[in-house]
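Asks: Based on the sequences and whatever the hints tell you, model everything.
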Amino acid sequence: MHIPEGYLSPQTWGPAYAVMVPIWAIAGRKLRGSLSSRRVPLLAIGAAFSFVIMMFNIPIPGGSTGHATGAALIAILLGPWAAVLAVSVVLVVQALLFGDGGITAIGANCFNMAVVMPFVSYAVYRLVSVRAAARAPRRVFAAALAGYVGLNAAALTTAVMFGIQPAIAHGPDGRPLYSPYPLAIAVPAMAAGHLLVFGFVEAAITGVAVAYLARTEPDLFAAPAPAIGGARS
Amino acid sequence: MNARRLWIVVLILAVLTPLGIWLPQRLGAEGAWGEWGPGELDRQIGFVPRGLARIANLWNAPAPDYAHPGWEGRSFAHQGVAYAASALVGLLVTALVIYALGRWLARREGSHAP
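Protein chains in written order, with this note's numbering: chain A, 1 to 233; chain B, 1 to 114.
Don't take every hint at face value.
Said to hold, decoys possible - Listed next, the stretches of chain B that the computed footprint assigns to chain A, with coverage defined by at least 3 CB atoms under 8 Å from CB atoms of chain A:
(1) 27-35
(2) 50-60
(3) 81-93
Think of the hints as simulated: they come from the structure by calculation, not from any bench. Here a beta-carbon is modelled for each residue, glycine too, at the ideal position from N, C-alpha and C.
Replies: Okay, here's the thing in structure tokens:
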């Protein structure tokens, strides 16, 4: 799901950066008001977990690979704005040190995996887990569903970014200048792998982690989860 | 919160990351959709899109694909060690950046409203 260098036209990656700058600024402001210094270690652990879990490429035999992101888990534990920050740092480190995702595509990749994914996951989790006890099975189900839906939402926005390239950027000969496959190919291709396989991996990881943490660290679920609005000071 | 125990879980996962390159190899899976190199794209569609070719090598990462540069022909054990080492370096750098950002952003303990 990491869009590489050269797959997006400037008229895509430019606006993606332009959208991300204020989102990063808002995330910083929200966290300044709501992030307790007691929670910073958990944020670092969450980001490290996200980094590592993305390295587990899950193969579809004879097909493509994909991976979970951990973004839903961070959003559930620390709120979506914390997840924006944590996953963005992960994606920047991946691009700069390991060439995973393009430098020009950092804004786009952050939008998909560090904004769409945590916010969608968080909304699903809050909706489904409402008034569930810390260790209730419904909370685990909500977490798993959040991972599944969130990853698929991110895969969809990523596929749309890939798929619009041939239409918006082609040479005088009509040949695509960047990602060559149109929406009709990109969206089904990305959706299939994520709907059928990778989404379930994200669901399992998120569900298992929440079940484990609800048992070992119940204080994480005792207080009301941070609201999307963030300010809880 | 028992941060130590959670860190151990993350470190164990980091050591296990070579599974993330071994399993796809075993099952004959290709890379992720849409993340092909220019050569592979040329094979698929018969040309390398011009704009893509121009900036594909814009950035030279120190350890592309979480691998040790120059170890491409080495045994799987070498690849696995390089991959796990990349996981450890990556998670360490990520955690340090988050700690720095978090310390800068977080409200001090005791200063929060009653």
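Asks: Hint by hint, say whether it matches the structure.
Replies: Hints, one by one, checked against the model:
1. 27-35: The restraint on the stretch 27-35 of chain B holds, since 9 of its residues have a Cβ under 8 Å from chain A and three suffice.
2. 50-60: holds (count 11)
3. 81-93: Three-residue rule met by the stretch 81-93 of chain B, so holds; n is 8.
Taken one by one, the earlier hints all hold for this structure without exception.
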